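I would like the entire structure built from these sequences, with the hints used as guidance.
Quick note, the sequences are listed as chains S and X, same order. So the first sequence is numbered by my numbering: it starts at 1 and just counts up by one. So the second sequence is numbered by my numbering: it starts at 1 and just counts up by one.
One or more of the hints may lead you astray.
Stated by the list, open to error - Derived contacts from chain S toward chain X, CB cut-off under 8 Å, selection only:
{"hint": "1", "residue": "V93"}
{"hint": "2", "residue": "R214"}
{"hint": "3", "residue": "S244"}
Said to hold, decoys possible - Within a straight-line C-alpha distance of at most 16 Å, the following computed EDC-like cross-link-like pairs (lysine to aspartate or glutamate) qualify:
{"hint": "4", "chain 1": "S", "residue 1": "K75", "chain 2": "S", "residue 2": "E42"}
{"hint": "5", "chain 1": "X", "residue 1": "K233", "chain 2": "S", "residue 2": "E153"}
{"hint": "6", "chain 1": "S", "residue 1": "K75", "chain 2": "S", "residue 2": "E38"}
{"hint": "7", "chain 1": "X", "residue 1": "K233", "chain 2": "S", "residue 2": "D225"}
In case anyone wonders, no lab produced these hints; they're calculated from the structure. Since the structure is predicted, the reported quantities are computational estimates derived from the model, not experimental observations. We put the beta carbon where it would ideally sit given N, CA and C, even for glycine.
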Amino acid sequence: MSSVATTVTPRGVSTSTNVESSELFVRWQEQGDASAREELVEQFMPLVRSLARRYGRSAEPFEDLLQVGSLGLLKALDRFDPQRGYAFPAFAVPTILGEMRRYFRDCSWAVHIPRGDQERALRVRDAQERLTNERGRAPTVGQLAQYLELDIEEVIDALQALLSYETLSLDAPPPSAEAEAATCGETLGHEDERYELVELDATVSAVLAHLPPRERLILRMRFVDDLTQTQIADRIGVSQMQVSRLLRQSLDRLRALTEATETP
Amino acid sequence: MLVRQVLTGVAEAIDLDARDLYEISVAVTEACNNVVVHAYRGDEGPLEVEVYVRPAVMEVVVRDRGVGIELAPEESAGTGLSVIRALSRSVALSAAAGSGTDVWMRFDTPRTRELAPTSTEQLELPTPEEAGSDTAIEIILAPAHLSRTILPRLLSVFAARAHFTMERLVDGQLVADELAAGVESSTGGGHLSVGISAQPRGLELRLAPLRAGHANRLLRNASLGGLGPVIRKLSTHHRVTTLASGDREMLALRLVQSP
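Below, the structure is given as structure tokens:
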């Protein structure tokens with residue numbers, strides 16, 4: 001049927017389709033005509049598809065959702081009463097969504113989502129390193145999204161996860177960088193000493209001294225020496241994302257320390 | 001996308017279950033899409049969102065200033081509304097011809113942390129003087145400490161749209177952190193209005209209403225441990241405006257691609 005495609009849009013279920021489908025409903029519900037049901041399924045599968053797209057995200061098993069959605073559609077076909085004057089979609093959406101929700105809540109969700117988020121965050125982090133190395137400057141969110149075939153929003157979510165230092169598992173360096181990471185502490189030590197030799201100017205308050213040397217160093221490089229995060233990352237041999245996270249973390253700490261000392 | 005980031009920020013602040021958040025997001029996204037598709041007939045237009053957290057209940061109002069959705073019976077409002085109905089406890093629409101539509105959704109949010117009660121009277125949006133034609137969003141946060149989880153996310157979206165590099169985007173996060181940390185004590189009435197608008201190669205962030213003198217205090221306080229004014233360093237321009245009421249002010253900050 002060529003009219004099927006139009007049923008996807010919110011307002012696409014025209015009355016003419018309804019008249020046509022109400023005959024099908026009679027044939028299926030009253031006469032048990034399986035071919036009528038088949039036609040109805042065919043006609044309303046785009047609705048199931050559209051709901052699966054709305055409800056599921058790219059990381060979700062779309063086919064699974066489609067399957068449970070179809071189950072909902074079949075139930076709705078059985079229960080729908082064309083006499084009441086509502087359009088079928090308005091009746092079917094809650095049933096179809098209900099099946100999808102139950103499916104999510106029962107099986108896949110709890111295990112699936114957090115792991116998906118985490119994996120995505122790691123992919124974003126790795127891709128950022130790669131692109132930065134290739135191009136010599138940090139990529140934009142859009143470039144990262146395009147590179148990883150993700151939504152911009154997914155990249156932003158990943159960034160939030162990466163920047164939150166509570167996410168301990170993300171603290172581990174990428175496996176390939178382990179060797180580098182081992183030497184990074186050393187490099188850091190040297191750089192740090194050199195910076196320590198520079199006499200702290202009078203405006204640098206004692207609060208700063210409470211921070212661990214690496215954080216203090218990064219803060220100085222960023223805010224006193226005006227280095228970019230990428231430059232800092234190069235100098236101390238960690239990833240730019242780690243620099244970002246350390247900056248955020250140390251500013252948080254600094255703020256807490258400042259508040260603590262200012263409170264009478 | 002902005003609105004979903006706000007909801008995620010709220011969820012973080014109240015420990016909302018990830019599945020509940022997800023369904024609320026889907027429903028609210030439908031409401032927003034409806035605004036984009038119907039209210040402005042595909043054109044740009046302001047979208048106002050208010051999120052209210054009550055004990056075990058979250059209410060979200062999505063409001064447009066468009067032509068208004070035709071509130072015909074059941075079917076005409078389409079699949080979007082059916083989705084909202086299916087995912088929320090209740091939904092109400094109100095519309096006046098030519099003056100926009102409110103979609104008011106209520107969700108059950110059991111086992112969430114409660115926020116300090118705030119008065120929702122006299123909520124005052126920052127003047128979107130330059131918001132005009134550009135993409136902009138105005139959001140009321142009550143209590144103001146919600147900005148800790150929401151502001152960084154909102155800024156990210158605008159920064160991403162303005163093609164900030166990841167590095168520069170992190171700068172935005174740091175600014176948002178600093179502001180959010182300081183803003184709570186600077187809002188007199190316990191609520192904060194946040195406005196963000198897209199600008200050529202950047203964005204503008206507006207915070208109001210702040211107690212008199214507090215906008216500058218916010219900027220000054222961020223000079224942590226002698227590092228210098230962190231916010232000023234990371235943003236390119238700031239402006240303090242006294243609001244009509246006289247005893248409140250607005251802080252506007254601008255961030256651009258490269259400082």
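Outcome of the hint check:
no.	hint	in the structure
1	V93	4 Å, holds
2	R214	15 Å, violated
3	S244	4 Å, holds
4	K75/S <-> E42/S	15 Å, holds
5	K233/X <-> E153/S	27 Å, violated
6	K75/S <-> E38/S	13 Å, holds
7	K233/X <-> D225/S	12 Å, holds
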